[in-house]
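Going line by line, the protein sequences match chains A and B. Taken in order, the first sequence gives residues 1 to 195; the numbers are from the numbering used here. Taken in order, the second sequence gives residues 1 to 195; the numbers are from the numbering used here.
Keep in mind the hints are simulated off the structure, nothing from the lab. Only a predicted model underlies this, so the values are computations on that prediction, with no experimental measurement involved. Careful: at least some of the hints might be erroneous.
Same chains, same label: a pair holds when it works inside one copy or across any pair of copies.
Unchecked claim - Below, computed lysine-lysine pairings styled on DSBU-like, alpha-carbon distance capped at 30 Å:
| id | residue 1 | residue 2 |
| --- | --- | --- |
| 1 | 119 | 8 |
| 2 | 119 | 26 |
| 3 | 191 | 9 |
| 4 | 54 | 113 |
| 5 | 54 | 9 |
| 6 | 26 | 195 |
Protein chains: 2
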Amino acid sequence: MSDLSVVKKNRRQHILDEAARLFKEKGFGGTSMRDLAEQVGMEAASMYNHIRSKDEILEQICFQVADQYIAHLTEIEQQPGTYVEKIRALLRLHVRLVIEQGDAVAVANHDWKYLTGEKRATFLEARRLYERRLAALIEEGMAQGELQPLHVSVALFTLLSAVRWVELWYRPERDISPEALEDDIVTLLMKGLEK
Amino acid sequence: MSDLSVVKKNRRQHILDEAARLFKEKGFGGTSMRDLAEQVGMEAASMYNHIRSKDEILEQICFQVADQYIAHLTEIEQQPGTYVEKIRALLRLHVRLVIEQGDAVAVANHDWKYLTGEKRATFLEARRLYERRLAALIEEGMAQGELQPLHVSVALFTLLSAVRWVELWYRPERDISPEALEDDIVTLLMKGLEK
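For reference, chain A alone in the conformation it holds in the complex (with noise of 0.2 Å):
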């Protein structure tokens, strides 16, 4: 890649990091491109030189989001190792990806409503399959006896719904570490709340 292309896509890139942080503080719709030229600092007409409106950027947040659960999904299906190991890698993953790319995962989160056509079809169908694959390894975890023997769906949609509020919650200024955040979810659900 040329010097050149790196800048453009370095700037590229802060536009929509700025874009993610904006969407979650005013909401997708509270946000104009002025407002988001604005605070990337450049004027609207050069900016539309790196993205061309408000859906693309949006389009661009949700499916980098989605292709990072997937790939790491995909490698850790590939890795040796146990069900639970692989379980609990997916659980950290989850409360990493909130930690460092906070805005990011929320817009993926909520305002993926606001994608239309083929490309929120496209996302909708890569969120279920995400989460046929998740259920899938969970599956095979009980049959191995690994996993308690519980419906599947309901084990899922606790483990994705159990980690939803790390993304409210988590603030770098919080009286814990991100790794002592990571364990303390994935003792609970992992090993239950008892003792």
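Got chain A sorted already, so can you dock chain B onto it with the hints?
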């Protein structure tokens, strides 16, 4: 209570129930008093004999739900039993209220944002107090050695968040009974997914 006032109270509750259904389906903003009158099969004018405004309906729904959670929590706190038993009872309560009154719980969970002024402040204070009392049960359970030693807020919010999906997923035609659903969620959260 006179027969007439019983009829009036039932009529009022029927309006609230149908309002909760419409708010969940079309959103608080997307539901008009005209929609509601049509849904309950009354003239708008006579509906106003029972209820003054959409804001009043929202307040009633939110506080009825909050009052139930608080009343059950008070009962659970006062019952004899271990902390494990108390927290199990509370988790069951959270699942059961969603199954039995899913529309109203959904409105209280999401549309409280449309409460205004003092009502909003009172509702949020009630929610914070509920969370603090549940956190106290968790903390005492840890102090007694009944529960895993985790960050109290992390345990609290993981539990509360872990049951939130039920509202979106549960329908009577699902392939699981309400009791089995309660059992599976409580088992996962208290005993862990690992066998």
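Going down the list of hints, with the structure as the test:
Proximity of residue 119 and residue 8 under a CA criterion of 30 Å is satisfied intra-copy only: 24 Å inside one chain copy versus 50 Å between copies. Both within a single protomer and between protomers do residue 119 and residue 26 lie at most 30 Å apart by alpha-carbon distance, with minima of 23 Å and 24 Å respectively. Taking the closest pair of Cα atoms, residue 191 and residue 9 never come within 30 Å of each other, the shortest separation being 43 Å inside a single copy and 47 Å across copies. Taking the closest pair of Cα atoms, residue 54 and residue 113 come within 30 Å of each other both inside a single copy (14 Å) and across two copies (26 Å).
In this homomeric assembly, residue 54 and residue 9 come within 30 Å of each other (Cα to Cα) only inside a single copy, at 18 Å, whereas the closest approach across copies is 49 Å. Taking identical chains as interchangeable, the C-alpha atoms of residue 26 and residue 195 are never at most 30 Å apart, the minima being 42 Å within one chain and 44 Å between chains.
Hint compliance for this structure: hints 3 and 6 are not met, and every other hint is.
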